[in-house]
Amino acid sequence: MTLKLYNVLSRTKEEFVPLTPGKVNMYVCGPTVYDYSHIGHAKTYVSFDVIVRYLKYSGYDVLYVQNITDVGHMLDTGEDRILKKARQLSAGPMQVVETYMRDYFADMDALNVGRPDISPRASGHIPEQIAMIEELIAKEHAYVVDGSVYFDVTSFPEYGKLSGRVIEELEEGARVGVRSEKHHPADFALWKKADPEHILRWPSPWGVGFPGWHVECSAMATKYLGVTFDIHGGGIDNIFPHNECEIAQSEAAHDEPFARYWLLTGSLTLDGIKMSKSLGNTLTIKEALAKWRPEAIRTFILSSHYGSPIDFSDEAVDAAFKGWQRIWGAVSVVREQMRTAVAGDPNPNILTLLDEFKASFIEKMDDDFNAPAALAVLQELTRQVNILVNEQGPHSQGTLAAIDQLYRELGGDVLGIIPEQAEASADAEREDGLIRLLIDLRAAARAQKDWATSDKVRNQLRDLGVVLEDRADGTIWKLE
RNA sequence: GGCGACGUGGCCAAGUGGUAAGGCAGAGGUCUGCAAAACCUCCAUCACCGGUUCGAAUCCGGUCGUCGCCUCCA
0 MTLKLYNVLS
10 RTKEEFVPLT
20 PGKVNMYVCG
30 PTVYDYSHIG
40 HAKTYVSFDV
50 IVRYLKYSGY
60 DVLYVQNITD
70 VGHMLDTGED
80 RILKKARQLS
90 AGPMQVVETY
100 MRDYFADMDA
110 LNVGRPDISP
120 RASGHIPEQI
130 AMIEELIAKE
140 HAYVVDGSVY
150 FDVTSFPEYG
160 KLSGRVIEEL
170 EEGARVGVRS
180 EKHHPADFAL
190 WKKADPEHIL
200 RWPSPWGVGF
210 PGWHVECSAM
220 ATKYLGVTFD
230 IHGGGIDNIF
240 PHNECEIAQS
250 EAAHDEPFAR
260 YWLLTGSLTL
270 DGIKMSKSLG
280 NTLTIKEALA
290 KWRPEAIRTF
300 ILSSHYGSPI
310 DFSDEAVDAA
320 FKGWQRIWGA
330 VSVVREQMRT
340 AVAGDPNPNI
350 LTLLDEFKAS
360 FIEKMDDDFN
370 APAALAVLQE
380 LTRQVNILVN
390 EQGPHSQGTL
400 AAIDQLYREL
410 GGDVLGIIPE
420 QAEASADAER
430 EDGLIRLLID
440 LRAAARAQKD
450 WATSDKVRNQ
460 LRDLGVVLED
470 RADGTIWKLE
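In numbering that gives the first Met the number 0, the protein residues as written are 0 to 479.
Derived by calculation from the structure, the hints in this document are not laboratory data.
One should not assume that every hint holds.
Claimed, not checked - Cut-off 20 angstroms, straight-line C-alpha distance, at most; resulting in silico cross-link-like pairs (SDA-like, lysine to any residue):
hint: 1; residue 1: Lys12; residue 2: Arg259
hint: 2; residue 1: Lys181; residue 2: Ile198
hint: 3; residue 1: Lys290; residue 2: Ala109
hint: 4; residue 1: Lys290; residue 2: Asp270
hint: 5; residue 1: Lys477; residue 2: Asp449
hint: 6; residue 1: Lys455; residue 2: Leu436
hint: 7; residue 1: Lys181; residue 2: Pro156
hint: 8; residue 1: Lys321; residue 2: Val466
hint: 9; residue 1: Lys84; residue 2: Tyr35
hint: 10; residue 1: Lys22; residue 2: Val61
hint: 11; residue 1: Lys192; residue 2: Glu127
hint: 12; residue 1: Lys290; residue 2: Asn280
hint: 13; residue 1: Lys285; residue 2: Arg259
hint: 14; residue 1: Lys222; residue 2: Gly123
hint: 15; residue 1: Lys477; residue 2: Asn458
hint: 16; residue 1: Lys357; residue 2: Thr381
hint: 17; residue 1: Lys181; residue 2: Asp145
hint: 18; residue 1: Lys357; residue 2: Asp317
hint: 19; residue 1: Lys285; residue 2: Leu269
hint: 20; residue 1: Lys290; residue 2: Glu479
hint: 21; residue 1: Lys273; residue 2: Tyr35
hint: 22; residue 1: Lys321; residue 2: Ser303
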């Protein structure tokens, strides 16, 4: 039982061997906080959330760092996207950053994405970035031109090893508007001189300016995870130039390997087309959450491999939601039966069955975090559980608890799609009590074959979003 | 134009050499006051062509198609 993962750097599936046994240092490129987060972010960060969850479940001590980009990310007009937004809102740039950063975390919380251990901000690490740039200049991997500093790609022969790009070809494809102050079209900015209106600015050895986009990740990953660390993640769309530049800067500065395993997530398209502001086909996480519960969105994302591109559509998410409902329905019945089950040890045959499913689940996740295959194991488990709780039994408390525990581990801890309880609200207990009271009254009506009253209760509850299901062993309720 | 990925049943999607997981949808059945849920049964030969092999969805070559990146994007 060893973990294997697809390393984009080697383009092969490799056995995962951490630098320090039992310890995983991991960095994932975070968002630039200049607008609401969209479902593309959801895909990327839910994917890495499950990866982190599984690493922890496997016993690793994980240190998960994910940056917040709040400076230096330029539009092709040369304008900083955060300054642009600030101007639109008549707000200060750091107000913009604070607003959307909080919003990003709120969205991730809603999606049940665990927070990174460290969320370093680029603007809070200017000295580290300056120090790294000075190192690069000292080693002649970078040069200063009129207050700006550029990385010399020709000084790093391995430039392109991650993305497969070749410098010579980049030159051919170079655009007309290439900055003439660069020695080579593929050279990229480490530090940029600030124009007077550019208010995100810091003093540096080269004058007042601001860091380029790529340095922050190198500087912050190194600060918190070391010169060489285990896993670097991100979206595949940043493989070039961003990830490539990270490698070049870091390895040129330190003469040591940067990240050892590169895990990149596939892109998300919306109804077949890549989301983009210019096309106007964007869907924010908030909009999606208004339509589906978070588990549906997570299940949809996890129903294809993290490295594969996925196409977001109402039909696809609806289908994933129904699949999730099947699993959740079984969990609900198990927990319902636990309320009245008699005490007793777990049935050994059932324990054996559960162990087999668990082993199978782990085998799938060990194979490059194959969540869709693991999800299929959960579906097969659910079929068996449904047979147990619907057609056999009654089961002892111990047996039911063992089933519930397995769902909590695999569906809850690892995949994050099985809630602790049906509703986590403060009023949940009262709501449950009220509904159970109605169920009792309805049961009395049913005993009298008073179907009119019985159906009225059920129909009106349904209108309120509470679904009743009559089972041989009683009536259960669930939301939606 | 260059680089990369992909093309599996009506839809989504695992599977990377030994005769196709799972979910959704659909058909039939069981259970049920009805409904819902659940369970059972049925539903593909893997874009196309050629090659390697005892044997390929899985390897190689070609064709067609889709998508991503090359410019800001997770």
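Going down the list of hints, with the structure as the test:
For the suggested pair Lys12 and Arg259, the alpha carbons sit about 13 angstroms apart, so the restraint of at most 20 angstroms is met. A threshold of 20 angstroms between alpha carbons decides the hint, and for Lys181 with Ile198 the separation of about 24 angstroms lies outside it, so the pair is violated. Restraint check: the Cα-Cα separation between Lys290 and Ala109 comes to about 13 angstroms, which is no more than 20 angstroms; the hinted pair holds. The hinted pair formed by Lys290 and Asp270 meets the criterion: a straight-line CA distance of about 16 angstroms does not exceed 20 angstroms.
Among the hinted pairs, Lys477 with Asp449 is inconsistent with the structure: their alpha-carbon atoms are about 23 angstroms apart, more than 20 angstroms. Restraint check for Lys455 and Leu436: satisfied, since their Cα atoms lie roughly 15 angstroms apart, inside the 20 angstroms limit. Distance restraint check for Lys181 and Pro156: the Cα-Cα separation of roughly 18 angstroms lies within the 20 angstroms cut-off, and the hinted pair is therefore satisfied. Taking the CA atoms of Lys321 and Val466, the gap is about 15 angstroms. The hint holds against a cut of 20 angstroms.
A C-alpha spacing of about 12 angstroms is found between Lys84 and Tyr35, which places the hinted pair at or below 20 angstroms, so the restraint holds. Straight-line distance between C-alpha atoms of Lys22 and Val61 comes to about 6 angstroms, which keeps the hinted pair within the 20 angstroms bound. Distance check on the hinted pair: Lys192 and Glu127 sit about 18 angstroms apart at the alpha-carbon level, within 20 angstroms; holds. Between Lys290 and Asn280 the CA atoms are separated by roughly 17 angstroms; this keeps the pair inside 20 angstroms, and the hint holds.
Note on Lys285 and Arg259: the hinted pairing is violated, with a Cα-Cα distance of about 35 angstroms set against a maximum of 20 angstroms. At most 20 angstroms may separate the alpha-carbon atoms for a hinted pair to count; Lys222 and Gly123 meet this at roughly 12 angstroms. Our distance criterion of 20 angstroms between C-alpha atoms is met by Lys477 and Asn458, whose separation comes to about 14 angstroms. A C-alpha spacing of about 12 angstroms is found between Lys357 and Thr381, which places the hinted pair at or below 20 angstroms, so the restraint holds.
For the suggested pair Lys181 and Asp145, the alpha carbons sit about 11 angstroms apart, so the restraint of at most 20 angstroms is met. About 27 angstroms separates the Cα atoms of Lys357 and Asp317, which puts this hinted pair outside 20 angstroms; it is violated. Restraint check for Lys285 and Leu269: the C-alpha separation of about 15 angstroms stays at or below 20 angstroms, so the hint holds. This hinted pair checks out: Lys290 and Glu479 have alpha carbons roughly 12 angstroms apart, not beyond 20 angstroms.
Annotation: proposed proximity of Lys273 to Tyr35 holds, straight-line Cα distance about 17 angstroms (limit 20 angstroms). Restraint check for Lys321 and Ser303: satisfied, since their Cα atoms lie roughly 16 angstroms apart, inside the 20 angstroms limit.
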